[in-house]
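S.K.: Letter by letter, the chains look like this.
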Amino acid sequence: MSDQNNPNQGHPDPDGKTWWLDKPENIRLIVWSLVVICIALVIADFLYHKHGHFDFEMWPAFYAWYGFLSYCFIVLSAKQIRKLIGRKETYYDAEDSDLNNEIDNDSANKDAALNGADNDKP
Amino acid sequence: MTSLSPALLFIIAGCLLPLIPASTRRYVALLVPVIGIALLLLTPHGSYGQVSIFGLELTTYRLDKLAFVWALIFHIAAFIGALYAFHLKDTVQQVAALLYQGAAIGAVLAGDMITLFVWWELTAIASVFLIWARRTERAYRVGMRYLMIQIGSGVILLTGVLMHLHDTGSIAFDNLGLTSVATLLIFISFGIKCAFPFLHNWLQDSYPEATVTGTVILSAFTTKLAVYALARGYAGTEILIWIGAAMTAFPIFFAVIENDLRRVLAYSLNNQLGFMVVGVGIGTEMALNGTAAHAFSHILYKALLFMAMGAVLYRVKTIKASELGGLYKSMPWTTFFCIIGSLSISAFPLFSGFISKSMILTAVAVEHHTVVWLILLMASAGVMDHSGIKIPFFAFFAHDSGKRCEEAPLNMLWAMGIAAFLCIAIGVYPDALYAIMPYPVDYAPYTTAHVITQLQLLMFSALAFTVLFLTGLYPPEIKSVNLDTDWLYRKAAVKIIAPVSTAVASTQAMLFTGLATLTQRSLSKIDQLVGPQAWLTRSVDSTGMVGLITATLLVFLMFYLW
Chain A
1 MSDQNNPNQG
11 HPDPDGKTWW
21 LDKPENIRLI
31 VWSLVVICIA
41 LVIADFLYHK
51 HGHFDFEMWP
61 AFYAWYGFLS
71 YCFIVLSAKQ
81 IRKLIGRKET
91 YYDAEDSDLN
101 NEIDNDSANK
111 DAALNGADND
121 KP
Chain B
1 MTSLSPALLF
11 IIAGCLLPLI
21 PASTRRYVAL
31 LVPVIGIALL
41 LLTPHGSYGQ
51 VSIFGLELTT
61 YRLDKLAFVW
71 ALIFHIAAFI
81 GALYAFHLKD
91 TVQQVAALLY
101 QGAAIGAVLA
111 GDMITLFVWW
121 ELTAIASVFL
131 IWARRTERAY
141 RVGMRYLMIQ
151 IGSGVILLTG
161 VLMHLHDTGS
171 IAFDNLGLTS
181 VATLLIFISF
191 GIKCAFPFLH
201 NWLQDSYPEA
211 TVTGTVILSA
221 FTTKLAVYAL
231 ARGYAGTEIL
241 IWIGAAMTAF
251 PIFFAVIEND
261 LRRVLAYSLN
271 NQLGFMVVGV
281 GIGTEMALNG
291 TAAHAFSHIL
301 YKALLFMAMG
311 AVLYRVKTIK
321 ASELGGLYKS
331 MPWTTFFCII
341 GSLSISAFPL
351 FSGFISKSMI
361 LTAVAVEHHT
371 VVWLILLMAS
381 AGVMDHSGIK
391 IPFFAFFAHD
401 SGKRCEEAPL
411 NMLWAMGIAA
421 FLCIAIGVYP
431 DALYAIMPYP
441 VDYAPYTTAH
451 VITQLQLLMF
461 SALAFTVLFL
471 TGLYPPEIKS
481 VNLDTDWLYR
491 KAAVKIIAPV
501 STAVASTQAM
511 LFTGLATLTQ
521 RSLSKIDQLV
531 GPQAWLTRSV
541 DSTGMVGLIT
551 ATLLVFLMFY
561 LW
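In order, the protein sequences belong to chains A and B. The first sequence begins at 1 in the numbering used here and counts up one residue at a time. The second sequence begins at 1 in the numbering used here and counts up one residue at a time.
So here's chain B without its partners, still in its complex pose (with noise of 0.2 Å):
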């Protein structure tokens, strides 16, 4: 039995990495997920690490059912993710990915507002690493849009938290309800890092833009922290039921046009978050149970697809598709391992998404939300579309772009076949995953009609892809980018303050050189009175006063013997 926090093992760790010699740091990132996974297990429920700090009564950790399945999770894919980037010499991410992942389950195990904040916000700095250890230019400008936003929450996170202490006198970490202010605020810093429409856009243009070890690791941890800060403190109101909806349906529109197979996964990423949402309003205890388990199976099946085409960039050294195509000759087992993710994300029988995804519509549909269960409903057939046919599709097959490459690295592909074990393992055998779910669960995913109905709706989903293909219907994959909201501060506003940052320079140009030109007045002035060459200060040749001396003497001397 144990009390030691695994957060605090991933940041000491991470803090003491660069000290240990570069041959063994891969080690020590593989091994911390693991003893931090003990940790959890020998810990007993509770709440530990309770300190007072100006009068506040902190509870640094606790851990409950709901605080469980997200620390598990995220130690699995801490691990996945160490695996993965087991063949990487680059010590920056190394200490970012260690630190960023133990502040996530900090965040998740954190009792009180203030401890959430403080790591919240280290998510949000150590992060930002995985995207700048690309080493570019357009990296640097994609973190620093990335570090204004997740910062920006955090901000609003702590004006909420300590307008909510001002009313209640309270900085618990539980159920809050949009009933103040200060919880409205809250809820705005949860829904920017949980992506919702409108404030999602920093996810589709930062994490592709993050290394190939980067985006996998990004991808499992901020969200899905959002989302289960969503459901400690906002389960049941009701607006997320609506946010959630609009989650799913609109990113599903960009996926099918998007070049950038990792930016397509991004969208992809972002409308399986509505499905939480979703999850989260509705409140139910099923309704629950589904936003956990589909948080749990959506990060593995979602880090496999990431992985899958990371292992693609690095292969062939572009993730565009159209670029790609007929990979499945260079890698087979990428491929292999891609499409068992592509099932489980479009929630085939047998694979993870279907043990989850339906117990959130089945949740839905028990509260007779009819409009949001047909959103919901064809959300999944736009899922089918951009992360069921499109990514394999057009990476691995389609027209044979001619490219060949080598298969991914072993510890890629290692990393890959866990990932996609456990995918077809919680597909095959729910129980395991329900058994750790928040409330009892009380739901068979395996029943004839649910099988019937979604193969139907996958399957003609399918039919649909093949008609509008062979038709030429379905729009070609061509390089280009579409906007976003992200439009908005890249251009527009740059378009409008370019014009008053310009007046800006340009005044602020003209009052110095007035200044400028009065102070070097000013100095040539004090130059003539004082300076070097001024009659005052002038100093006369030395020879002239010697001189000059010399004369004196010699007149003193005439008159002396006069």
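Isolated chain A (complex conformation) (with noise of 0.2 Å):
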């Protein structure tokens, strides 16, 4: 399991402050929703009358296991690709492209952009 998972595992918030997402249950209300809410579209699928274009548009909840069974080929195949043609962030340049965002940051502060007084040059 990646660290990526458990929001907790993030910095601890600067302001103390303990957001309606940070708690574990709260995330577990929301993925246990979305299945719940899967559920209900494949029962919906037998409740009208279908008529697509293509026969296998009738197959039950078609767009349901395609979509989910796309989704994994494209996340997965991905993983490997990037084995493939992943480089470092310096591949092509020595430098950060972080370090290059000054050029729209805020020095030439609000009140100053919005009197018009001076330029958002760095």
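There may be inaccurate statements among the hints.
[As the list claims (entries may be wrong)] DSSO-like cross-link-like pairs, simulated, lysine-lysine; straight-line CA separation at most 27 Å: (1) A:K83 - B:K495; (2) A:K88 - B:K329; (3) B:K329 - B:K403.
No wet-lab data here; the hints were simulated from the structure.
Work from the hints to combine the two standalone chains into their complex.
M.R.: Rendered as structure tokens:
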């Protein structure tokens, strides 16, 4: 399990505030809601008259499992492709692109910008 | 009633902008698209601005139903872009944006291909300044690569147009079809700007390197102009169906593993263009309506997503997924608008993507292109991943990065809010959009089957994400770059050319050294003969001279007196 999975393993909240999404039980609530919605959508599939352009559209819950499998296929094959084409961040440029982000920053602060006092040039 | 081209308004305003006091420039940038829309609405459909140059009949302004859709959304995008950049004081970006937007509108309204070419090249030249405005060495290099490819596209276009003129005697910009070498060249030129597979990488290379506001503006115009050009010139060209299908599919794999979230959006943009290109390839009235509607809604939600990511970059100073997370605590409004953009691009019911993308898919189904349809459906699940989940999840939720910042500036929030409102408005009331489509719309998006099947596709994709993420199978966000076709010219070509250029340089050096030695020797020989120290031209000491003359005079006097 990667450390992204648990929101509590991130940095402690600097404000000392606990947010609704910080609680694991709420995450579980969201996950289970999703499961319930998915089950409901499969049941709904049998409740209306279908008339698709293709025969396979008539298969039970075609869109559901096609979506699920497509998603897994895309993500898992991309993970393998990464081994082939993934490179270090400095592969093309020695410099880190984050170092260049000063151009749009607020140093020409908001008030100045609103008064038209100065320029966004660093 | 008027027939003044809105494109000219943008160009004139752009040229005069530097003369206007700095504090009023931003208002001008906001006002120009508004006046432009008024001009557009007041112009009856027809052809205007006919001029004859070198015996060629140019139609510089043609307004019809197809052109109107693009011209209108370009104006809306220009307004939203100006509002998003309202805090900026950078004249270069303000001027570049107006010229670029004007050029794109002019190209859409061009009635002949010479006029098209002129605007086509101006979009390239004006837009590069939105990248260079970052004023870094890195941005300079990206801009050069971008410019070479964009200008190259224009040169190919001009070649094709001139050959077409030679073949047919016509420069009219109407349906061309792939019938000759000339039309093939024009097709390739459009294909470069439309980011066809293998011609695509300029987009992912350059857009994420532009300024915060520049990327938002860039995302709307160039590629959609190319879609328009294809719809105008190559509707019903079958190969476009396959090109488009490939475009929807391959970028989604790159988007999954890309760390720079604005680059994820650039791949996503490429994938969305694929749907439009498929629509052009099908070429039926429904498909072309689908392409026009999708271009319209796409510009709005793509701009919205780029605006949200731009706001994050602006506040946090990075847009790498590996560095972000938990930002919903600091930027709740941006998070909210971003999620609306995500729902729209994923085509959830009641959002704009739902009513536009489905027209293209239905048009494909009606023509019974089974494989293409399955690819598009798979790509729709892919959209759900990279734009529906990855963008909002890793920026605003996921694990808390501990980063805290201010909410985005007010003008950015307003721009995002307007775009979000339009995304929902189109989704809830599609008839307004359908009313301006190039052909009469006979399509009802909100059927029970459509809503349920679409929700199945999307919710089960979300379920797949949840399963993969909780089991740790989802690829983690790591600091990295991924190779794409730009590797060919950024690394491979350099490797091949490097020895050649070294050889050229050393040969050159040898030749020049030889020449220099020869010249040096000749010069020193001449110097010996006639130089300042040479016997022939040596200047004699003046004291000696005076002495000599005095002596001569003395001798003379002595002889005289003798």
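S.K.: State for each hint whether it applies.
M.R.: The hints, checked one at a time:
no.	hint	in the structure
1	A:K83 - B:K495	holds, 23 Å
2	A:K88 - B:K329	violated, 31 Å
3	B:K329 - B:K403	holds, 9 Å
Hint 2 alone, counting from the list given before, is not met by this structure.
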